[in-house]
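Colleague: Counting from 1 along the sequence shown, just add 234 to a position and that's the residue number in my numbering.
Just so you know, these hints were derived from the structure itself, not from any lab.
Among the clues, some could well be false.
What the hints assert, rightly or not - Below, simulated EDC-like cross-link-like pairs (lysine to aspartate or glutamate); rule was C-alpha separation at most 16 Å, straight line:
hint, residue 1, residue 2
1, K365, E375
2, K537, E521
3, K537, E523
4, K238, D416
5, K537, D340
6, K365, E350
7, K471, E350
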Amino acid sequence: MQPKTVKRLARECGFELAGIAAAGAPAPDYDRYEAWVNGGMAGEMGYLTDCRADVRRDVHNLLPSARSVICVGKLYNPGASIDTPGVPGDATGGEPVISRYASGRDYHQVLREGLERLVATLLAIESFEWKICVDTAPLLERSLARQAGLGWIGKNTCLINEPLGSWFFLGELITSLAIEPDSPPPDRCGTCTRCIEACPTRAFVPNDEAGVARWSLDARSCISYLTIELRGPILEKHRAAIGPHVFGCDICQEVCPWNARAPVTRHSDFLPGRAVPSAQQLAYFSEEEFRSQFEDSPIARPKHCGFLRNLAVAMGNSGQERFREPLEYLARHPDAMVAEHARWALSNMGCVHG
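Kindly generate the complete structure, drawing on both the sequences and the hints.
Modeller: Listed below in structure tokens is the structure:
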């Protein structure tokens, strides 16, 4: 099958980026990934360090007949950071901030639906074996996307496309088709270190590989990890630096020069839907109300108590007196983790809680 045909059909299925990577072994960048895992930088994300880590070594572990990987990217940028009332903003009003990617419907299903359409379209042309992967599969998807020509992996560890920036969800279609692969583009970060300098928690750490200076993301200090993946208490040394973030963080992408003219998505699933309640209202939500509010949303991932933990930290970091009452309420929460973070937040605001 011709690569031009595959890319055209992928675009018709709703993907702004598409390219082809060879299903070789070992997987590109696997040595770097293994070193990252062995360095403990995955934190408590067991799905990156358990038996699935070795599965990432070879795409044939997912599809034995694999010959080509069709890599796609779908633009999700709604245009600005999302604060809790569901309106683009920069949180200067004190409202906690939610990462741009979580402003709409859960992306896993959206990308899977697009890839299923692509499978059906390609099968009408030629029979083949296939497997769809969207984020959760044990696959080094950014490395494959780079091999497929979708972009380079920047210092902030995000895949960056020269004309379109980095606000993309990635997906893969592993196939038994023999398709001519694309080539990776050159790294165009140059000497820029804006993302490194802007990170409040200093999550990017330098390393030197064969005399080449590179950067790695230590998830244990990353705001996205701390507010989404971490299940226990947030270390006190990180709490103030988290600032207003209650779910994820976009700082390293927002300061990237390649995103200065990044396009905005037209996909309705990634645009803000129903308004999110204010921080004060969210603090009083029951677990049932939380589940109902964030059904089919990425925001449900840290679960109710994890979100309240994040909310308490963000309200405390705001220093605003209007958050005293909801924080005092959370300081009496039956979950010990939530209560402890609320007490810290009150103390951080200069309040004393008995």
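Colleague: Against which earlier hints does the structure fall short, listed by number upward?
Modeller: 7
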